[in-house]
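Q: Residue strings, one per chain:
2 protein chains.
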Amino acid sequence: MIRQAQAVQKLAPISWKDTNVLGGLWGRRQQINHFVTIPSQYKRFEERGSFEALKRNWKAGDPNAPHPFWDSDFGKWIEAAAFSLAKYPDPELEKLVDSVIDEIAENQQSDGYFNTYFDLIEPDKKWTNLYYMHELYCAGHLAEGAVAYYLATGKRKFLDVMCRYMDHIDARFGSEPGKIHGYCGHQEIELALVKLYRATGEERYLKLSKYFIDERGKQPYFFELESLQRGVDTEKTANQQRHLKYYLKEHGPYAEYQSHLPVREQEAPVGHAVRAMYMYSAMADLAADTQDKTLLDASEKLWDRLTQRQMYITGGIGPSSDGERFTFDYDLPNEYTYNETCASIGLVMWAHRMLQFNADRKYADVMEQTLYNTVLSGVSVNGDEYSYANYLAVYPDRFKYASTLIIDKMMPGRHKWFNVACCPPNVARLIASIGQYMYSTSEDGIYVHLYNDSETTVDVKGNRVTLTQQTNYPWEGHIGLTIMPETAAEFTVAVRYPGWCSHAEVKVNGNKVDAPIVNGYFMLNRNWAQGDVVELLLDMPIQLVESHPSVRTNSGKVALQRGPLVYCMEETDNARDLSDLSLVDETDIKVQYEADLLDGVVTLELKGQRRETSSWEGQLYRPVQTQKTDVLVKAIPYFLWANRDPGEMLIWINHNCSCGSH
Amino acid sequence: MIRQAQAVQKLAPISWKDTNVLGGLWGRRQQINHFVTIPSQYKRFEERGSFEALKRNWKAGDPNAPHPFWDSDFGKWIEAAAFSLAKYPDPELEKLVDSVIDEIAENQQSDGYFNTYFDLIEPDKKWTNLYYMHELYCAGHLAEGAVAYYLATGKRKFLDVMCRYMDHIDARFGSEPGKIHGYCGHQEIELALVKLYRATGEERYLKLSKYFIDERGKQPYFFELESLQRGVDTEKTANQQRHLKYYLKEHGPYAEYQSHLPVREQEAPVGHAVRAMYMYSAMADLAADTQDKTLLDASEKLWDRLTQRQMYITGGIGPSSDGERFTFDYDLPNEYTYNETCASIGLVMWAHRMLQFNADRKYADVMEQTLYNTVLSGVSVNGDEYSYANYLAVYPDRFKYASTLIIDKMMPGRHKWFNVACCPPNVARLIASIGQYMYSTSEDGIYVHLYNDSETTVDVKGNRVTLTQQTNYPWEGHIGLTIMPETAAEFTVAVRYPGWCSHAEVKVNGNKVDAPIVNGYFMLNRNWAQGDVVELLLDMPIQLVESHPSVRTNSGKVALQRGPLVYCMEETDNARDLSDLSLVDETDIKVQYEADLLDGVVTLELKGQRRETSSWEGQLYRPVQTQKTDVLVKAIPYFLWANRDPGEMLIWINHNCSCGSH
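Respectively, the protein sequence lines represent chains B and D. Numbered per my numbering, the first sequence spans residues 9 to 670. Numbered per my numbering, the second sequence spans residues 9 to 670.
Hints were generated in silico from the structure; no laboratory data involved. Hints may be right or wrong, so weigh each one.
With the Cβ distance kept under 7 Å, some of the chain D side facing chain B (calculated, not the full set) [as the list claims (entries may be wrong)]:
#, residue
1, Asn65
2, Ala68
3, Tyr344
4, Lys408
5, Ser563
6, Leu605
7, Leu628
Okay, derived cross-link-like pairs now, EDC-like style, lysine to aspartate or glutamate, Cα gap no bigger than 20 Å in a straight line [unchecked claim]:
#, chain 1, residue 1, chain 2, residue 2
8, B, Lys257, D, Asp522
9, D, Lys408, B, Asp330
10, B, Lys203, B, Glu232
11, B, Lys408, D, Glu484
12, B, Lys51, B, Asp132
13, B, Lys301, B, Asp330
14, D, Lys515, D, Glu484
15, D, Lys370, B, Glu625
16, D, Lys309, B, Glu625
17, B, Lys408, D, Asp339
Backbone N, C-alpha and C define an ideal beta-carbon position, used for all residues, glycine too.
Chain B extracted, bound-state conformation (with noise of 0.2 Å):
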């Protein structure tokens, strides 16, 4: 008998209860997102009536009618609450959430059902359309906050309700006659549930969620049944445009919902980002915990063909805000994209589970890459604004001469909410666990893969070991560990070497140290004791990034990176017509760290070159000229774009060479 490969993790995930984020960038964002951002959330989930619907006050005729995702939004705000009262103890924030889950437990019906759309809207149409109705999205969402409660304050209450509607939705769905043999048109309950299994240890759940992976795809598609079920005929629907949307011409039916195909033979992410990030995120969770090698095959085979040819450089993915979809390789257009908040919360999210089976620094330089750029664009400076889409390039006219197609999500900038506010209460939860993508453990030792000031007590062969790390990262590229083990001994400190970072020096108790590197990062292998302090220096130049020749919208241009950190140019810096800077001269580049800039950031200032319209009066076109005026071209972090004046920005821009013109 052939044995089956195995799945199995080299590295072992910390709890985000593990890490004290300190300081430093994400302890501000954390500070931020405690004290701002989770609390206006609330409020503007109040404004809209969602505490009421929640409560069941609502009545058809009554405005605010409640979506179908509002308990989403409640299970990431849950999530994010107790991620975050496990560092800022906030008995007001508790006793809030309390009260919301309280009204949970009082409307769940004795079958353990619980949604506030379909009790209040459509009480008789349960279970009836999956493929658009996020029902049981909803319930994962619940069930992931649910499990952040519990392991936050050890209050059992919401874990209980949520067990109990798993309960349900296991008795009602499976392979078993009588079972609805079916999954969810958008993904995530998948990924609750192994959290679910992992709190409580009870093995039907991660049985669910792997049904629920096993069964998509399989013909005859379960949406085209279920459709049928309810009197519509997909095949002529899909004439419809609402329907063709979700038929995409070059993978057929479903594809949208990543459910064209059994998961294992999805070679290329296709469809909804953020459905595909959750899934994935699943197929590497159920990887883990049922040594499932053939589920890690496929989800390496898919995260290479995203990361290598449709990802943006801010780790941002799904360029098509038709579908809030993938489109095709090496389609990455900077002005006409989506790249949702969301989608990219996704992509951390499975780039962290990826990680740990292979203890590659390629899915850690995403990871990191994402956080710096897309996710912590998805939140204003002030902590409440957001943005939906995360454009590369915005030129603000092209939105007010608009089509109608522009929705309020689309609108470049900020905004203090959305119709469909997936993505807020998303970055909320994510800044606020933020802690436990930093480390990792393995069998001999503790893996280190973001910088940020903070402290980790983790268990190495069976000794506490403490590390506390001190830095300012990304401003600067000198990072500082502090080892203290419970008892000196023998272990592994593995140390990421960024991808993006062309030099970097160890030093081990002030002394530099030649350590092997093993994909991409220092392994310090040597006797630990109290005290012992690791320094790790990292070159941080400007580095001028340019893009495979088939991403049609980049040739000719370059971004502007230092570390982690994309950066870009705004109009309240550099005037209009972004478009038409070029760089002249990278070798002299002014770095200064402004405390008093959007919170304290490090800014660029680049000499470039550009065409005065002065010389143009009423003229479109004209044999070329080179005549060209110099300028000082001013970049910020891409994620900082959008907090001061709207206007203009830009990531990629024209690099001409040095040698003035001919």
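Since chain B is already given, all that's left is putting chain D on it; use the hints.
A: Here is chain D on its own, set in the frame of chain B:
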């Protein structure tokens, strides 16, 4: 009393009958137009059931329900046939036209009304939805066809039918009580009425045209009142996408149809591009025939705004596929564009009218630029395939993976036909009537605007003058004109010095002359005897053209132009990833006439570079390197794109200096 300034035409347009296009590029296009395009279009009409509908043989429930625009297609097709019959006597085609006309006459109602769609589909809804249903638009195109056929053949039948129809319309529309105080949602009848007035001398047609133009944009808006009469509250339905489409945020209600403001107050081209061009043409016609300078002033303002800020280098206009409309100043995206063929045909019509007022080459330059690029792009070399959207850059994958919003006419490349088939017969009538655009007469002579083998006979101060043009333009810049006055006499031959040309010489009977240049025309005033020969020698180097710094898509790029022809690169000559090509040495260009390629064409070969993808395995971004591979870039005239293998196409190409890498 202050005398109002009057609009006065410096030039008189000639009739299409006055010029015989003998050969050359336009002669060849006319030949293909007559023997392929016009007959094959009639076949398309038959295939889709237009002729059966015209005969009123269609019944509810039958396939091929008549489309509201079908009458207009017949109108344009008859007009094309009429123009072409004047050059190519063709009894078979004439019989076919007569049969169509017989059916129109047969089915004209006793009160003069004629509309196939309303007769068959909504007989009770005549004149109730001017806003949307193109009723007057169809009447206009039929009238244009009737005038042309009368002038071509002397047969009055169709002209009489259309006069009766216009008399019916005149009785229904106007300022008098009891009449409809309205106008059409798609302008067209206004210019048709001027043609009918000119052909018949009936002033009521001119007055009705003036009424439609003067009424437009008055408040309360006719379209709103009309909607209310139909029971549609436009204010309310403005929230529905379909209607919002016609409400342009920056311009207000009905700007899509250029009826947001009285025409004399309109300063920028807005809304649907074809409607705008037809309206501006009518405004110029009315300015000419009523000496209304306020209309001319408005036209000139609109002209400058359009040509200086919203026109592609190809003469394409109207970048937004949503609403087929203009967007905002300097918004000229190459790939995400529309540029309907009909809009550029309308631009040629308007340019020709404006040219007569000022005898200024700026109008003739745009006319030429548009004709040789976007208009000719609208029909395939073989003459029976068309483009509706005329992109300036094509990446076919975009359409494979496109959303449902990409409809047939937006697919790049050639199409046998379109669901809305306005463009094919429009390009047919333009090509068949190209002769009229070549010359004008002035008080003391003759103006030569366009260059092509041709012969025209016009009246100059009572003297019949025949002018014969021989040239291999646009492939070569040598133009010969032989002047044959009936009687030797002094007059002026004005010869256009094209704006694209940086150096030109003029010879008379072999001797170089130093002729004065007025508004871009060499003014050759002398005593002309039979057989005098004028030679115009235009330098025709390859020009690298840049666009205004505010055209954000073209910064760092150039377009290649030779004479009036804009060039493009196609995948079939240059492999994929055209956007990564860059020109490095514009001093060494191979210019070659290839007789066997695309019906004979001057191609260009330039030294360029591209980045090789081979060194990128697995990478999407990397620190910039400058290794590039030398390549030859082959370019063909833009108007010939999409006549070979489908693939990428590009006009604006990266332009690097030739100093090598650094």
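Q: Against this structure, judge whether each hint is valid.
A: Hint check results:
For the restraint placing D:Asn65 at the interface with chain B, the shortest Cβ-Cβ distance is roughly 28 Å, beyond the 7 Å limit, so the hint is violated. The closest approach between the C-beta of D:Ala68 and any C-beta of chain B is roughly 22 Å, which is over the 7 Å cut-off, so the hint fails. A hinted interface residue such as D:Tyr344 counts as satisfied when its beta carbon comes closer than 7 Å to some beta carbon of chain B; here the least separation is about 6 Å, so the hint holds. For D:Lys408, the interface hint holds, the least distance from its beta-carbon to any beta-carbon of chain B being 6 Å, beneath 7 Å.
Interface hint at D:Ser563: satisfied, since its Cβ lies 4 Å from the closest Cβ of chain B, which is below the 7 Å cut-off. Taken as an interface hint, D:Leu605 does not check out: its beta carbon lies about 26 Å from the nearest beta carbon of chain B, beyond 7 Å. Restraint check, D:Leu628 versus chain B: the minimum CB separation of about 5 Å is within 7 Å; hint holds. A threshold of 20 Å between alpha carbons decides the hint, and for B:Lys257 with D:Asp522 the separation of about 64 Å lies outside it, so the pair is violated.
Proposed proximity of D:Lys408 and B:Asp330 is supported: the alpha carbons are some 14 Å apart, at most 20 Å. For the suggested pair B:Lys203 and B:Glu232, the alpha carbons sit about 30 Å apart, so the restraint of at most 20 Å is broken. Restraint check for B:Lys408 and D:Glu484: the C-alpha separation of about 45 Å exceeds 20 Å, so the hint is violated. Pair hint B:Lys51 plus B:Asp132 does not hold up; C-alpha atoms about 31 Å apart against a cutoff of 20 Å.
Restraint check for B:Lys301 and B:Asp330: the C-alpha separation of about 34 Å exceeds 20 Å, so the hint is violated. Restraint check for D:Lys515 and D:Glu484: the C-alpha separation of about 17 Å stays at or below 20 Å, so the hint holds. Using a Cα cut-off of 20 Å, the hinted pair D:Lys370 and B:Glu625 holds, with the two alpha carbons roughly 15 Å apart. For the given pair, D:Lys309 sits about 15 Å from B:Glu625 by alpha-carbon distance, which is consistent with the 20 Å threshold.
For the given pair, B:Lys408 sits about 12 Å from D:Asp339 by alpha-carbon distance, which is consistent with the 20 Å threshold.
Hint violations for this structure: numbers 1, 2, 6, 8, 10, 11, 12, 13, all remaining hints satisfied.
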